[in-house]
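Using the sequences and the accompanying hints, generate a full structural model.
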Amino acid sequence: MTKFKQLLLIVVATLSMAAIVNLTPVFETTASAKSVTIPKRFRHTWTYIWKSADHHKQVLKIHKRSANFYEDGGKIHYKFIKVRGKKNTYDLFNKKYQGLEIKYRSHHKLRVLYDVSYLTFKR
Numbered sequence: 051m052t053k054f055k056q057l058l059l060i061v062v063a064t065l066s067m068a069a070i071v072n073l074t075p076v077f078e079t080t081a082s083a084k085s086v087t088i089p090k091r092f093r094h095t096w097t098y099i100w101k102s103a104d105h106h107k108q109v110l111k112i113h114k115r116s117a118n119f120y121e122d123g124g125k126i127h128y129k130f131i132k133v134r135g136k137k138n139t140y141d142l143f144n145k146k147y148q149g150l151e152i153k154y155r156s157h158h159k160l161r162v163l164y165d166v167s168y169l170t171f172k173r
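Each number in this note's numbering corresponds to the 1-based position in the sequence shown with 50 added.
Think of the hints as simulated: they come from the structure by calculation, not from any bench. These figures come from a predicted structure and were not determined experimentally. Check before you lean on any hint, since a few could be wrong.
[As the list claims (entries may be wrong)] Here are the simulated SDA-like cross-link-like pairs (lysine to any residue), alpha carbons at most 20 Å apart as the crow flies: (1) Lys137 with Arg155; (2) Lys101 with Glu121; (3) Lys114 with His127; (4) Lys172 with His158; (5) Lys114 with Ile126.
Structure follows, in structure tokens:
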């Protein structure tokens, strides 16, 4: 291996280690969140249907102080909520499962950060 390749590998390894150390979590823990009142514009039943042969459906029911997420016959109850920004973005937490980030787009659209992608839920 040439000295240039060795130097390049060292630089890449150093930068990748620095990036791993500086990662900040997308969602904080439930300790920093609390139960807050969600505005009325959020409090509806929102649905997302995948455009596939089996028409996979996800439902997000948002209540005054909690939310329920339904997928494939299972239910996740989120009761810890944190407000971010100008009350257009909320983080929903559960002690066992990954949190959800919801953004209010319009009175008929809601963007939800689910896993690693944004899904647009509709009323």
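Right, here's what the structure says about each hint:
For the hint linking Lys137 to Arg155, the alpha-carbon distance of about 12 Å falls within 20 Å, and the restraint holds. Distance hint between Lys101 and Glu121 is fulfilled; the C-alpha atoms sit about 15 Å from each other, no more than 20 Å. This hinted pair checks out: Lys114 and His127 have alpha carbons roughly 13 Å apart, not beyond 20 Å. Under the criterion of a C-alpha separation no larger than 20 Å, the hint pairing Lys172 with His158 is consistent with the structure, at around 5 Å.
Under the criterion of a C-alpha separation no larger than 20 Å, the hint pairing Lys114 with Ile126 is consistent with the structure, at around 16 Å.
Consistency note: the structure conflicts with none of the earlier hints.
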